[in-house]
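Number of protein chains: 2
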Amino acid sequence: MRAGIITIGDELLIGQTIDTNSAWIGEKMSLAGFDVCRKITVHDKREDILNALSDFTGKSEVVLITGGLGPTSDDITKPALCEFFKTRLVVNNEVLEMIGQMMMRRGFPMNEKNSKQAEVPESCRVLTNAVGTAPGMWFEKEGTRFISMPGVPYEMKYIMEQHVLPEIRKLFTSQVIVHKNLMTYGVSEAVLSDLLEEFEAGLPEEIRLAYLPSWGINKLRLTGTGKSLEEIKDLIDRQVARLYQTIPDLIYAEDEQTFEEVTGRLLAQRHKTLCTAESCTGGNIAHMITSVPGSSAYFLGSVVAYDNRIKTGLLKIDPAIIGQHGAVSEPVAMAMAENARKIFNSDFSVATTGIAGPDGGTNDKRVGTVWVSVASGSGTLAVKHVFGTERIANIRRFSLAALDLLRKQIISG
Amino acid sequence: MRAGIITIGDELLIGQTIDTNSAWIGEKMSLAGFDVCRKITVHDKREDILNALSDFTGKSEVVLITGGLGPTSDDITKPALCEFFKTRLVVNNEVLEMIGQMMMRRGFPMNEKNSKQAEVPESCRVLTNAVGTAPGMWFEKEGTRFISMPGVPYEMKYIMEQHVLPEIRKLFTSQVIVHKNLMTYGVSEAVLSDLLEEFEAGLPEEIRLAYLPSWGINKLRLTGTGKSLEEIKDLIDRQVARLYQTIPDLIYAEDEQTFEEVTGRLLAQRHKTLCTAESCTGGNIAHMITSVPGSSAYFLGSVVAYDNRIKTGLLKIDPAIIGQHGAVSEPVAMAMAENARKIFNSDFSVATTGIAGPDGGTNDKRVGTVWVSVASGSGTLAVKHVFGTERIANIRRFSLAALDLLRKQIISG
Numbered sequence: 001m002r003a004g005i006i007t008i009g010d011e012l013l014i015g016q017t018i019d020t021n022s023a024w025i026g027e028k029m030s031l032a033g034f035d036v037c038r039k040i041t042v043h044d045k046r047e048d049i050l051n052a053l054s055d056f057t058g059k060s061e062v063v064l065i066t067g068g069l070g071p072t073s074d075d076i077t078k079p080a081l082c083e084f085f086k087t088r089l090v091v092n093n094e095v096l097e098m099i100g101q102m103m104m105r106r107g108f109p110m111n112e113k114n115s116k117q118a119e120v121p122e123s124c125r126v127l128t129n130a131v132g133t134a135p136g137m138w139f140e141k142e143g144t145r146f147i148s149m150p151g152v153p154y155e156m157k158y159i160m161e162q163h164v165l166p167e168i169r170k171l172f173t174s175q176v177i178v179h180k181n182l183m184t185y186g187v188s189e190a191v192l193s194d195l196l197e198e199f200e201a202g203l204p205e206e207i208r209l210a211y212l213p214s215w216g217i218n219k220l221r222l223t224g225t226g227k228s229l230e231e232i233k234d235l236i237d238r239q240v241a242r243l244y245q246t247i248p249d250l251i252y253a254e255d256e257q258t259f260e261e262v263t264g265r266l267l268a269q270r271h272k273t274l275c276t277a278e279s280c281t282g283g284n285i286a287h288m289i290t291s292v293p294g295s296s297a298y299f300l301g302s303v304v305a306y307d308n309r310i311k312t313g314l315l316k317i318d319p320a321i322i323g324q325h326g327a328v329s330e331p332v333a334m335a336m337a338e339n340a341r342k343i344f345n346s347d348f349s350v351a352t353t354g355i356a357g358p359d360g361g362t363n364d365k366r367v368g369t370v371w372v373s374v375a376s377g378s379g380t381l382a383v384k385h386v387f388g389t390e391r392i393a394n395i396r397r398f399s400l401a402a403l404d405l406l407r408k409q410i411i412s413g
Numbered sequence: 001m002r003a004g005i006i007t008i009g010d011e012l013l014i015g016q017t018i019d020t021n022s023a024w025i026g027e028k029m030s031l032a033g034f035d036v037c038r039k040i041t042v043h044d045k046r047e048d049i050l051n052a053l054s055d056f057t058g059k060s061e062v063v064l065i066t067g068g069l070g071p072t073s074d075d076i077t078k079p080a081l082c083e084f085f086k087t088r089l090v091v092n093n094e095v096l097e098m099i100g101q102m103m104m105r106r107g108f109p110m111n112e113k114n115s116k117q118a119e120v121p122e123s124c125r126v127l128t129n130a131v132g133t134a135p136g137m138w139f140e141k142e143g144t145r146f147i148s149m150p151g152v153p154y155e156m157k158y159i160m161e162q163h164v165l166p167e168i169r170k171l172f173t174s175q176v177i178v179h180k181n182l183m184t185y186g187v188s189e190a191v192l193s194d195l196l197e198e199f200e201a202g203l204p205e206e207i208r209l210a211y212l213p214s215w216g217i218n219k220l221r222l223t224g225t226g227k228s229l230e231e232i233k234d235l236i237d238r239q240v241a242r243l244y245q246t247i248p249d250l251i252y253a254e255d256e257q258t259f260e261e262v263t264g265r266l267l268a269q270r271h272k273t274l275c276t277a278e279s280c281t282g283g284n285i286a287h288m289i290t291s292v293p294g295s296s297a298y299f300l301g302s303v304v305a306y307d308n309r310i311k312t313g314l315l316k317i318d319p320a321i322i323g324q325h326g327a328v329s330e331p332v333a334m335a336m337a338e339n340a341r342k343i344f345n346s347d348f349s350v351a352t353t354g355i356a357g358p359d360g361g362t363n364d365k366r367v368g369t370v371w372v373s374v375a376s377g378s379g380t381l382a383v384k385h386v387f388g389t390e391r392i393a394n395i396r397r398f399s400l401a402a403l404d405l406l407r408k409q410i411i412s413g
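Those protein sequence lines, which keep their order, are chains A and B. If you're matching positions, the first sequence starts at 1 in the numbering used here and goes up one per residue. If you're matching positions, the second sequence starts at 1 in the numbering used here and goes up one per residue.
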């Protein structure tokens, strides 16, 4: 079963609006068992809309269209739909009444634009919209169902959830698709795919594996397709178990969980507290941790010691250690973590010292070098990493490296 | 001049990743004078990629392609490109060397997949990628230029900014389009458009004004179109001067500058230093400040005092003040700023205390309330704001409010 998506609107093409509608629709349609095979974005222009509609006709079972409806853009999309489906605009009394009621509720008088909104192509089936003025419209042509919806996200979602998804599930019940995500950290996509070569070779034909890398994190997605939900879920579960056997140290979470959510949950479960002592990450780890609601239960605070005087002053690092080893060194990272843990009186502490770039590198310690350290009741660990040259990416990667070390230390107790 | 966008990747179709690349590309291409007429998203599948390429051939001057490159998906996109452009894969030595250097820097061994990444279609022109392993590739067919880039946003942006946009600007120079952005902060889009009603009415027909709101910041973009660069620049300059007259307090920068860049530049120019004392912003202000290259010249560090014990301990706030007024109060915000300034021995300090939510609000102090304070040699100021209920948005808005107060104090100081 194939589905397509058409999004209409100049604002999507010139970058003024990021298209979140199609991601939402794509997810719902995938979960309903469809292969979402193509997405097209076009201008509010008659010809462009007609071309997009033609592209899908007879090739996809369902096409979801959003945007191009509403008081200002109606003039183009609805006549284009009429032309394509060889029909004409007629006033729909049910829609007219709903619009009248909505305007009354909001205290606005009906105007000519509102009554024009009650016009729909005669051959379509109207899908009522209780949260806006533009209704959904269901067309069929050469075996393809076209559903046109307004672009306002909550109106689109209302029509999808109230009308489209239930009807589609009734019409197409042949196939089930199940997705499962495992979040991994620690090796590059290339290394990961080497490690998983045998795993991939052993996948049953119902299950596909996708690599979704982003900022040093590789999301692994298993997708199972078949007739029986039970069977596919069972197949997926067995592959998840195999993945845990193959790369036990690399999987840090299931589904879409972030590092900060995972470490936060681990701390909360154990009633443990955390502080950070950050140099090169400049407060980003504290920011990540405190982006999670409820983080005040386990996060005490941070010292961002960007200047060496703050390392020796507030964090009480012996200036001789910095003098001997440099600020970016194992002993300084460990002293930062240990001293912060004492100052904050926390169970765990995380420290970073490194060179985010673009400047500040030396032959000895190049840009991208970081020492991360974690201190806890069971001791202090420090690990060195060398990443790339891009400052923002480095700050992010340094922070993830620190949180990964923290996660492992919390688990190992 | 028409431009098209192709984004490749299953994750974009099934809604796991929201496509921000194409919005960014759409904006840049529009600003370069192109009509971005169509955007297509397809699977990592040979046939789908070939179809998408065909759709644009001879119809658009430029087609930007992102995604489908990288160690695991290379196998599909690159052969598809070879098939479409009737060429074959060959190892590119320059790319091979760059990948080798990058892997060495990161301490990973080269593997077979990495060297496969150095293979490029023979007929393409390679656009080097200094921030990742997959290069950009420039093809031409029937008057259409196709540029294939990796899907990792900062890699795509690097290739666009270093190679694609400069070359495209050289190739297509028929009409002059001049953009000028003014960054404003302090009032909503609706209030701003009221304030600018008269200004807009007085715009010459060559100049358009667009409002681009995002996270409390309203970017105003003036776009001038015409034949003569001199004339259009002159017209724009006059409108910029009018804007400064109309809303002098609201414009904090020109062009795309962020608050952290502006405040950083102001501090650097004056040889002044800064520290932060953050409660509800949890290190985000320090993170914003230190995202700017060179920030170590003026930023000393931060105390993130998330827990009240850290406010009274490390920041030495009198517990009686917290007891009397609560942690979210004017006296606490001012004491945080003043004490941090002393502890760090800095010229300026910024402090925040508030309730980011979703929990922690009371009848008296609801979620979204924040006190921001700035201390300097000329005294201490504190301002209260009440924003919304969404945690991430609040952290961002609290930080901007603090940086705006800082900016005004630096200028007036």
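Rather than coming from a laboratory, the hints here were simulated on the basis of the structure. Take the hints with a grain of salt, since some may be wrong.
[Stated by the list, open to error] The calculated lysine-lysine pairs, modelled on DSS-like cross-linking and capped at a C-alpha distance of 27 Å, are:
(1) B:LYS170 with B:LYS180
(2) A:LYS272 with B:LYS342
(3) B:LYS342 with A:LYS342
Given the structure is predicted, the values throughout are model-derived calculations rather than measurements.
For this session: List, from low to high, the hint numbers that the structure doesn't satisfy.
Result: Hint 2 is the one this structure does not satisfy, whereas the remaining hints hold.
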